[in-house]
Amino acid sequence: MNGPNANMADLNSLRETELNDGLIRLLVIPAFGILIPNATDLFHGVLLFSGQYWMGYLLFLSLSFLIWHGNRWFLIKQRIFYDWFRHATRKLVLLVFANVFFTAPITVIVLWAWYRFVNVEVNWTTIEVVCLINVICVMFVTHVYETVYLIKQRENDLLRLERLHRMQVEAELMALKNQLDPHFVFNSLNTLSQLIDEQTHQAQAFTEHLADVYRYILASHNRSWVPLNDELRFVRSYLALLRIRFGDGLVMKLPDIETDQLLIMPISLQVLVENAVKHNQFNERSPLLLECRIESEHLVVDHAKFPKRDEGVGTGIGLKNLNERALILTGRGITVVDDERFSVEIPLMRLAS
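In the working numbering, the protein residues as written are 931 to 1283.
Treat the hints with care, since some could be wrong.
Only pairs whose alpha carbons sit at most 27 Å apart, straight line, appear in this in silico DSSO-like list of lysine-lysine [said to hold, decoys possible]:
1) K1238 to K1208
2) K1082 to K1183
3) K1250 to K1238
4) K1250 to K1183
5) K1021 to K1082
6) K1238 to K1183
7) K1235 to K1250
8) K1183 to K1235
9) K1208 to K1235
10) K1021 to K1007
11) K1208 to K1183
12) K1250 to K1208
In short, the hints are calculated from the structure, not lab data.
Just so you know, these numbers come straight off a predicted model, no measurement behind them.
Using the sequences and the accompanying hints, generate a full structural model.
And the structure:
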C-alpha cells in the first residue's frame, strides 16, 4: 500500500528511531584510530614520541573519524528511501557498495600521504591490509547499527500498533455510545413502533439502516483502513436514522466514488457528522448542510456554523481521537479550520494500482 503520506509516515518512524550513539562513537572511533595503525605496523621507522609520531596519531584518528561519520551519514540517509522489508536486496547492495567504495579510497589516500610525510617507501601490501581491515570493521559496525535500528523499529511499531488499537477501540466505543444514547434509542424504537403499525415498508427500511450501522461498526473492528465507498454507505445509513430525529433539518451532500482504491479510517466520517450535530443548532426552517468532497486525496467535510447558545467549550474527544489515529497511520494529523465556516480534512490512502 503506497500513498502520498507514505514518506511522511516513514520519516516519522525514522525520528522515533534516531541514533543515540554518542558514547559509542566517543570510545570506539579513537580505539580504531589507535589500534589499527599499531596492529599493521604503520609506525615502523617512526621515532617514538617524535613530532611525526604524534602527527601520525592525529592523522589516523582523523581517518577513523572520517570513515565512521561518512558511512554513518550514508547509513542514515538511505533509510529514508530503502528498508529491509520492501527493498532488502537493493539496500544490501547499496550498503556494501558504499562501505567499500567510500572506505577504501579514503584509506588509500590517507596512508599514501602518511608514507610521503614520513619520507619512506610506500608499502602497498600494508595499505591493502589496512583497507581490508577498515572495510571489514565498517561492515561489522554497519551490521550492528542496522540490527539495533531494526530492534528499535520493531519496538516502536509495537507501541504504535498498541496506540492505534486503543484509538480505534475508543472510536468504536464512542460510536456505539452515540448510537446507544437513550434519546436516540427511544426515538428509534418509538419511530420503529409507529412505522410497524402504519407503514410496514418504511419500518423494514428503517430496521435495515439500523442493522447496517451496527454491522459496520462491528465489522470495522481492528481495521486501520476501510474502502471509502464502505464508509460512505455506512454514513448514508447513519444519516437515514438521524433524519428520524431531525427531519429535513439535517442535509449532507456526499460524493459519488467510482473507485475502490481510496481508503479511509473507519468511523471517521461518522465522527465528523456527530460533531456537527452536537455543536450546532438547526431545524427544518434553518437546516444544517454538510458538504463532503474529495480534495487532493483528502476527504473534506465543510458546513456553516450555527453554534448552540451557552454551549461552552467542548472537549473535542472525537476530533482528538481522529487526529491521533491519522498521526499514527500517516504521520500527519487531520486539518481543522474554524473560521466563518467549520471544515475538517481527513487524509485518505490510495491503494497501489
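Going through the hints against the structure:
1. K1238 to K1208: It holds: about 9 Å lies between the C-alpha atoms, which stays within 27 Å.
2. K1082 to K1183: Since the Cα atoms of K1082 and K1183 sit roughly 45 Å apart, the hinted pair is violated (cutoff 27 Å).
3. K1250 to K1238: Between K1250 and K1238 the Cα gap is close to 21 Å, so the pair holds against 27 Å.
4. K1250 to K1183: holds (24 Å)
5. K1021 to K1082: It holds: about 19 Å lies between the C-alpha atoms, which stays within 27 Å.
6. K1238 to K1183: It holds: about 23 Å lies between the C-alpha atoms, which stays within 27 Å.
7. K1235 to K1250: Answer holds: K1235 to K1250 is near 20 Å, not above 27 Å.
8. K1183 to K1235: Cα-Cα ~16 Å, so holds.
9. K1208 to K1235: Holds, because 12 Å separates the two Cα atoms, which is no more than 27 Å.
10. K1021 to K1007: Distance ~12 Å between K1021 and K1007 Cα, so the pair holds.
11. K1208 to K1183: holds (18 Å)
12. K1250 to K1208: Holds, at about 15 Å.
Violated hint: 2 only; the structure is consistent with all others.
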